[in-house]
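Kindly produce the complete structure, drawing on both the sequences and the hints.
For the record, the sequence lines run as chains A and B.
Heads up: the first sequence is residues 0 to 185, going by numbering that gives the first Met the number 0.
Heads up: the second sequence is residues 0 to 991, going by numbering that gives the first Met the number 0.
Any given hint might turn out to be false.
Computed list of chain A residues with no C-beta within reach of chain B, every gap over 10 Å [what the hints assert, rightly or not]: (1) Val22; (2) Ser45; (3) Lys46; (4) Glu48; (5) Asp88; (6) Ile172.
Quick list of the computed label-pair ranges, beta carbon to beta carbon [to be verified]: (7) B:Arg578 - A:Glu171: 46 to 54 Å; (8) B:Lys264 - A:Glu171: 19 to 27 Å; (9) B:Ala857 - A:Arg62: 28 to 36 Å; (10) B:Lys264 - A:Pro114: 15 to 23 Å.
These are computed hints drawn from the structure, not numbers from a lab.
For each residue, glycine too, the CB sits at the ideal point set by N, CA and C.
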Amino acid sequence: MVDRTSALDKNYEIVKKINDEKVNLIFNRNINLQITQVAAWPDTVSKVELIISKYLKILSLPRSNFAEDNDSFAIMRVEPLKWWILGSDIPLLSTEEGTTLDLSHSFTNIQISGPSAKLFLNRFLPLDLRDNSFPINKVASSAIHHVSVKLWLSRNGFQLFIPRGYAMSLWEIFQESATQFGYEIK
Amino acid sequence: MTAKRLKDYGKVNQDKILSFTWENKKYFGYKGDSLAASLLANNINIIGRSFKYHRPRGIMSAGVEESGALVTIGKNEYTDPNVRATSQELYEGLIASGQNAFPNVNFDLGYINNYLSRFFAAGFYYKTFMGLPPFEWGKGTKIWMIYEKLIRKAAGMGKASKMPDPDKYEHANEFCDVLIIGSGPSGIAAAVEAANNNLDVILVEQDHVIGGNLLSNSNFDFEEKKYFLQKAGIKVMTRTTAFGLYDNCVAGMIERVNDHFFLPKNNTPRQRFWTIRSKHIILSTGSLERHIAFNNNDIPGVMTVNAARHYLNRYGVLAGEKIIICTNNDSVFETSILLSKAGAKVKVFDIREKIDENTIKKLNTNNVEIEFNKAPLNIQGNKKVESIDIGIKVGNKYKKVNEEECDLVLISGGWSPVIHLLSHRGIKPKWDKENLCFLPSQSSEPITVAGSAAGIWNNDDCEASGIASGLKAANEIGIKTSDYFFPKQGGWKNPIFPLFEIKSNRSRSKSFIDFQHDVTSDDIRLAHREGFVSVEHLKRYTTLGMANDQGKMGNIIGLSIMADLLQKEISEVGTTVFRPPYTPISIGALAGRNVNKHFRPLRVTPLHDWNLENGAKMIETGLYQRPWYYPKNNEKLADAYIREASSVRKTVGLCDVTSLGKISIQGPDSTIFLNKVYSNAFAKLPINKARYGIMLRDDGLVMDDGTSWRLSENEYFMTTSTAHAAKVMLWLEELLQTRWQNLKVHVTSVSEEWAAVSIAGPKSRDTLSLCVEDPNLISNDNLPFMGLTQTKLNNGIPCRIARISFSGELAFEIYTPSDFAYNMMNILWESAKKFDGCLYGLEALGALRIEKGHVTGAELDGRVTIEDVELGKMASDKKSYIGSAMQKRGVLADKDRETLVGIFPRNKSQTFDAGTIICKKNEIKGYGIGRITSVTYSPGLGHWIGLGFIKGGYTEWKNTIVVGADPVRNKEIDLEIVSPHMFDPKGERLHG
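Take a look at the structure:
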């Protein structure tokens, strides 16, 4: 099958732009994003949690607005009845148990890391990203310029999920803003 | 005024010399200077000209309350008008000039207005509306058209650049436990106390250094203090003004990141708009010293007492040699001694009868003369202070008793706490008779006022109130339980005496209250005589406290005069509500990076790049960029879309229709859900079939239309119109969460997941056959009209294909996951080219659907019923669905409602426009009998056609000529009303 094309292809250049002799931000896009949404019914939440945890071989699923991850997959609870599983296949559920839906092409995933990542993200996001309020594996829904986005602080940095159609527009603004910090695109 | 720089005074770096340009001439100042301090040190007295009377104005303060020294900074596109010279940091290469003057501030022809001032009194502008007496008296305002031009030209102070703003701005967010606004003695103490209690503290200061009023103390080291605060973990934000307070402890701030450089540095923006969210706010915003209204109190060389102290101890500038201080309170004595010690001859006139002996002794020891029962009557001088007339009160008036030669007059009429931010929260201040100022009332929100902003005058008490505020915050946030005590308001040894105005004995005087707007005490009396006595009316009639002044300088004086005229207390008169911003902020900072191309977020389809590479001209539809048309050989729109629509009818065309809304509907109750949402039946839709559906609102009017595809027993794929995608998604969510919580259905927007292309025309199946792995799947038998299949393209890309037509031709819609869209389109286009196909855009799409009478957003505008658009037969009468009850109400079932029709011009060579009103012949008036919603040239019919609505519909008006009246374009045209199905009415082409 042919390769996937990213929403950022036209304007994604691997580059290092130093400001004041520093690089304080690192951008890294994920071009093979795999997201499956798993949704339970109100009376099947525990059952679905069990099915997923068994399949992913984890003890328990994350609580609302948190994620769990290892080297091969991540799972985050994005709504009370919904999880996103990243980077892994998932077991099919019966209709009585819940539903699954592929959202791999719906979002553009940009990883943002470096010493100024929080400062940079707070240029756009009204989220309290202080360590106590936004620890590793915290997940939040917010908006940038009225565009709904999701943010997850993974061990490798912040993972930003932007609806695909808006990704290029926001990416252009990101690059403009990032010049003050010094940045590298990987 | 004869100012001079003193070597051993001030906190500026006298080793670092900066050059700047004032009125095209080069001058020098020091690093750390404000522009005002440098101008003062260079003995520049006249900084600007006043608003109406063009009177010369000098520096009147040392801070944001400045009303005289408003200047223009920069040039060309970097021009920034109405900047307070007192707040502008000096930098190398700064260019500044005076404003509101021609040819310059020293000699201004506009000064003639000063002699014509009786014609420019308060409200003169409003009176010009009434016409020129006696010719137009009571008749209206013909001459207003002339006045308006003159007034508009004369109005305003500095002139902004008309070129685009070259600077960048940005937004930023920050969070903390305690936000402290103002870094004076109370702010610093509060910050330290809060930080000591392990709270996350942000201390905000509008100046470029911290300290507030401490900066006027000779021994205060702002750098050492900042280092100490930062070491304590406090985030100190200088050059940042809190301009507004909002709900839930949210503060709006502007950080002037680069206003102290000639050009922005390190790719940083010029200004940054911060939104800071905290758990507790401490307002240590200080207080402002007031002037006193008396004749000629605006002559350059008059300033507040505390300003002179700041210029001395902060900037090392002694503002005058022979200084007269006029006061009604104790706050001036320390300053008078400091000025005397610095080498000035200082004399104090105090309106009070007496003060304590110790102070008098101290003044005398330091060579400061003081006289009591005396007040300033009049300043002598034109462009600078030459002397001052001093008077004593005799009865209700003042009598001149002596004239004092001087070069600087310092005034202190009391102090006004800065309560603007609290006012933004709707908290009304209360008048304090003892301290003669408005004090902040208690807030029910977690906001505490500290220091002189709370009416506490001496330094130690301010610090104590800061400590108490920090403790209060810690208590309220819940990390500490301890007692805290706020010091009492006031703190002077001798009580303040109420002195707001020295009423002149002259019939007309220039006794200014609001220097920025040239509002005099006579203007207040005029407003009173003319009935504008409420403070809000007074403000608007006289302009007192308007614009960037926001009442900082003159409000209290104006209110006191009005109270006197009304024979009321100031507390009864009240004060106006202060609104954000506290000081002016750039519109650019509010916009941030959301300008030009990024004014709105730009939404593109996954085929955007492909479309551009293939020559598409784009058009904005909502936030989406969609292909409008694909010109060939420099074609214009009118030619291109006709060619494209004709090609679709003849061969095949490809159109990017990704912008359609797409919603996944999953769950065992999906069918029940759709059957309740749509007006037509969905209960028996077979798997692998799609159906066109119309959903109504609760009120029975049409919400949106689209198709829903049954993918499996329990899963549907719904498409919506581009315009209503988000609205429909929200609607479905709302229904499931509020009305039908028992239904096991999940809805998820998959609009971004799938890219979609319409393949339309007689050769559409041939085109698609070359692209799919198994062409057999799309044969007429296997994929009949409204059938769907899920398969793969021959390069392995998964896809969904439905046989759906919006053009009336044999057509398919093909959907692939978005990241495969580019490659899908490559395959489709290569195939279409083999059949002489075309790419077509939104304009051709519109032409094709109008020919067929298919409705879209132009027709489904929220005012029409399903009957109005001639789709009533689709609506089920066997089930209950959203809107089914309300659509039957009388007004919606009226036979005389406007109904969808097709429209032809009687003369086929003529054109007409959308928005045209349809009227009966010879009855062209009002709303007519209908309206035209969509128009196009019809390639199929060879003339202009339209869709629209007319009362009674086609049956009522067939064979009758009506008139299309377009009063906006001054056009009238005879029209024929036809069936909306104008092209291929039997739908034969649909089947290929």
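For each hint, the structure was consulted:
Residue-level check passed: A:Val22 sits 13 Å from the nearest beta carbon of chain B, beyond 10 Å. Every C-beta of chain B lies more than 10 Å from that of A:Ser45, the closest at about 16 Å, which supports listing it as non-interface. No beta-carbon of chain B is positioned within 10 Å of the beta-carbon of A:Lys46; the least distance is around 14 Å. Every C-beta of chain B lies more than 10 Å from that of A:Glu48, the closest at about 16 Å, which supports listing it as non-interface.
Annotated as non-interface, A:Asp88 keeps its C-beta farther than 10 Å from every C-beta of chain B; the closest such distance is 16 Å. The Cβ of A:Ile172 does not lie farther than 10 Å from every Cβ of chain B; its closest approach is about 5 Å, which violates its non-interface assignment. Distance hint check for B:Arg578 and A:Glu171: the Cβ-Cβ separation is about 35 Å, which falls outside the suggested range of 46 to 54 Å. Take B:Lys264 and A:Glu171: their Cβ atoms lie about 23 Å apart, and the range 19 to 27 Å holds.
At about 48 Å, the CB distance of B:Ala857 to A:Arg62 disagrees with the hint of 28 to 36 Å. The hinted range of 15 to 23 Å is satisfied by B:Lys264 and A:Pro114, whose Cβ atoms lie roughly 20 Å apart.
The structure fails to meet hints 6, 7, 9 from the earlier list, while all remaining hints are met.
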